[in-house]
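Protein sequence lines, in the order shown, are assigned to chains A and B.
Note that this note's numbering has the first sequence beginning at 37, numbered continuously upward.
Note that this note's numbering has the second sequence beginning at 38, numbered continuously upward.
In short, the hints are calculated from the structure, not lab data.
One should not assume that every hint holds.
Claimed, not checked - Over 10 Å on every C-beta distance to chain A, these chain B residues come out as not near it, computed from the model:
(1) D69
(2) R220
(3) G252
(4) G584
As the list claims (entries may be wrong) - Heads up, simulated EDC-like pairs for lysine to aspartate or glutamate below, C-alpha to C-alpha not over 16 Å straight-line:
(5) K186(A) - D155(A)
(6) K102(A) - D337(B)
(7) K95(A) - D115(A)
(8) K95(A) - D348(B)
(9) K343(B) - D93(A)
(10) K343(B) - E98(A)
(11) K228(B) - E365(B)
(12) K343(B) - E94(A)
(13) K176(B) - D50(B)
(14) K106(A) - D337(B)
(15) K95(A) - D346(B)
Stated by the list, open to error - Pair ranges (Cβ atoms, derived):
(16) P224(B) - A174(A): 51 to 59 Å
(17) P77(A) - H521(B): 52 to 60 Å
(18) K238(B) - T64(A): 39 to 47 Å
(19) G183(A) - Y515(B): 54 to 62 Å
(20) H521(B) - N105(A): 42 to 50 Å
(21) P77(A) - K176(B): 26 to 34 Å
(22) K512(B) - G76(A): 54 to 62 Å
If you're wondering where the values come from, they're calculated on a predicted model, not measured in any experiment.
Note that CB positions come from ideal geometry on N, CA and C, so glycine has one too.
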Amino acid sequence: MSEQRSHIITAVVQHRPGVLQRVSGLFTRRGFNIDSITVGPSEKNGMARMTIISRGDEKVLEQITKQLNKIIEVIKVRDLDPQSTVLRELCLIKTHAPNEKSRSEIIQYANIFRGRIIDVSPYSLTIEITGTPDKIDALIDLLQSFGIQKIVRTGPTAISRGSKTI
Amino acid sequence: MKGSKAIIQSLADQGVDVVFGYPGGVLLPLYDEIYDSDLRHILVRHEQCAAHAADGFARASGKVGVCIGTSGPGATNLTTGIATAYMDSSPVVALAGQVATHLIGNDAFQEVDTLGITMPITKHSFQAMDPAEIPPMMKSAFYIASTGRPGPVVLDLPKDVQEAEFEYPETVEIELPGYRPTRKGNPRQIKRAADVIIKAKKPVILAGGGVIISGSSPELGKFSELIGAPVTTTLMGKGSFPEDHPLSLGMLGMHGRKVANFLIDDCDCLIAIGCRFSDRTTGDVTKFAPNAQIVHIDVDPAEIGKNVDVDLPLVGDAKTILVHLIKEIKNNRERTKKWVAHVKEFRSSCMPRLTFDDFPLKPQQVIKEISETVNDDTILTTDVGQNQMWMAHYFTSRIPRKFISSGGLGTMGFGFPAAMGAKVALPEEDVVAVCGDGGFLMVCQDLATVREYDIPVVVCVLDNRYLGMVAQWQKLFYEERISHTRLGEVPDFVKLAEAFGVNAYRAEKPGEVKETLNDAIKSGEPSLIDIIIDPHENLPMVPPGCGLTEMIGEYKVEREVPGEIPYREAAPEKRGD
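Make the full structure from the sequences, and use the hints.
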């Protein structure tokens, strides 16, 4: 068995109802791991781009890409090389902030992580942060001590560096 | 034009002249249109039989089979047949009614999420939300179902869309940017494969259903003789190579022939064509063809390396690749001469014994009598279980598309409706369904269909009053605890058939199968033969989790008459399309 690792799979699909169900259904049916899946319109009219994060060895990855390619509405599938890929995730964190001290600490942490405060209430703060999943995990860790009320993450989306496109 | 009329028009455009269906509330507009059309509609008595009949039609003829079911239960009844077609790569288009668009999602009467339910068991599916979508969707459905690796396609047709008016286009354009069925093999890879094959001293060819689908039996025959390689087939590949040819090893696998299972173990090069290395074929994959370099030809890239690691993949249409390979390879017979001699000797030393004069009848004797009665063009369908494996193991198939069986899904109840579909496709050929009593009882209501439409198929019920295959496993692996596999004394199959107005016979002693089957075929009427067989006869098998050479059960052999085996031409031309 070769090594298990996390793979970033990007796919161009026809933007139609049911496509997401076909793709996610495939993962369930074939017993593939799926950590996250994001989808949105692409630069081409009528086409959407998906980013799927999945774990498995090379053999599993090969099956995933081949099986994805069999879906009629899937146009292209690529396994992105993590070395030459930019990966970003958006996360919204609502944290407990009952007093001035905690409030200023949280704002400082958010600044360090280049996050933004997007909502304030007497007892809470909401932070928006974009970055790699690692970076977001790190900020969440720091904020734990204040009491996190809610976390919303989009799951990573990815693009290859340079002029290459798929 | 109305949406419903567009469906009929699209079917006509695709050359469809017969469909198998069952009407219902939301299909009223479509059936009203069928009333006036030239389309031949065969009213089955259960939607599952419509799907199996369309599948049998497709497998026998190579053309797309069409079935129709209403929304809700109609569609769910179709699903077993759709899944059967999916597992065996059979081109079927299933038209399902759906509740009107404004009711979708409201849990309306007879509403079910047909697309959602069928997504994992179809090659593709469509839902028409506008009548203008019907012509391109129908055209796409037939194109997708029948090209590349074939498979079933579902069309979901809401009632209001069937009723809505639109302008039928003069030319129907389809756009499938994500669908590129691979055709030709990579020439460099083919050269590489040829290099491996000509170095082989002990090659074996494994032919799957893909050989039959691509119509490459003649090429397979040439190829086998060119390189001096014996041919074993999967269940789905049965008939792709004439099984009375001295280089034929018959079927391999769990209930395969000893000669096939042992030579796979021995070979140094395995050329697998159009097969998917199912667990029933390989046994324990880690012990499968341990000494062989594996060349795998398949039209579906996802099959390469899925179950078995392959040394040389060739993605493409089997026929095109075989033609190319034959060009690349000069005669290799010298190198494999010793191997071929060994194969012939080994083969004749373990031909399974067929002749038994026991009472009750041994299934081997039954298959022997069936073999002796039918001709090369007779289409044989099987059900699933012991009856299927007895046929697969003991029946000699010579021509593609003449042995039809549910391989992947293993659907009990498949044999009889598939025979009905095959007979509708090829009315000139004799069609015999070999079923078990359990499987046949699941679909026996469709005796009404074959009677009403005069579809003269012959059903041979191998009647042992057991779910024989499961009982065999209980005997072998569960301390003979026969849990719920004894079916009991009812029904009387002869009376059952007679109730439907179908000719009925009973065969109990050696010779009677031949006699009754002959009469039944000659009668030109739908017929049933209740064949009472020994319930204690088991099949030789490779236990689950074992390698192919670890077969258990007595392998009763009869040595062929020594001397030169009469030489027969390999693989006749593809028939039926």
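How the hints compare with the structure:
Its beta-carbon lying about 29 Å from the closest one in chain A, D69(B) satisfies the requirement of being farther than 10 Å from that chain. R220(B), annotated as away from the interface, keeps every beta carbon of chain A farther than 10 Å; the closest lies near 16 Å. Distance to chain A confirms G252(B) as a non-interface residue, since its nearest Cβ pair spans about 23 Å, more than 10 Å. The Cβ of G584(B) sits about 21 Å from the closest Cβ of chain A, beyond the 10 Å cut-off, so the non-interface label holds.
For the hint pairing K186(A) with D155(A), the CA-to-CA distance comes to about 13 Å; that is within 16 Å, so the pair holds. Pair hint K102(A) plus D337(B) holds up; C-alpha atoms about 9 Å apart against a cutoff of 16 Å. For the proposed pair K95(A) and D115(A), the alpha carbon gap of about 13 Å is at most 16 Å, so the pair holds. Taking the CA atoms of K95(A) and D348(B), the gap is near 14 Å; set against the 16 Å cutoff, the hint holds.
At roughly 13 Å between alpha-carbon atoms, K343(B) and D93(A) fall within 16 Å of each other, so this suggested pair holds. For the hint pairing K343(B) with E98(A), the CA-to-CA distance comes to about 9 Å; that is within 16 Å, so the pair holds. The suggested pairing of K228(B) with E365(B) holds, with an alpha-carbon distance near 7 Å, which does not exceed 16 Å. Distance hint between K343(B) and E94(A) is fulfilled; the C-alpha atoms sit about 12 Å from each other, no more than 16 Å.
Distance restraint check for K176(B) and D50(B): the Cα-Cα separation of roughly 8 Å lies within the 16 Å cut-off, and the hinted pair is therefore satisfied. About 9 Å separates the Cα atoms of K106(A) and D337(B), which keeps this hinted pair within 16 Å; it holds. At most 16 Å may separate the alpha-carbon atoms for a hinted pair to count; K95(A) and D346(B) meet this at roughly 10 Å. Hint check: P224(B) to A174(A), Cβ distance near 52 Å, so the stated range 51 to 59 Å holds.
At roughly 55 Å, the beta-carbon separation of P77(A) and H521(B) lies within the given 52 to 60 Å, and the hint holds. Between K238(B) and T64(A) the Cβ separation comes to about 46 Å, which falls inside the hinted range of 39 to 47 Å. Judged by the Cβ atoms, the range 54 to 62 Å given for G183(A) and Y515(B) holds: they are separated by roughly 57 Å. For H521(B) paired with N105(A), a C-beta distance near 43 Å keeps the hint of 42 to 50 Å intact.
Against the hinted window of 26 to 34 Å, the Cβ-Cβ separation of P77(A) and K176(B) comes to about 27 Å, which satisfies the hint. The given range of 54 to 62 Å is respected by K512(B) and G76(A), whose C-beta atoms sit roughly 58 Å from each other.
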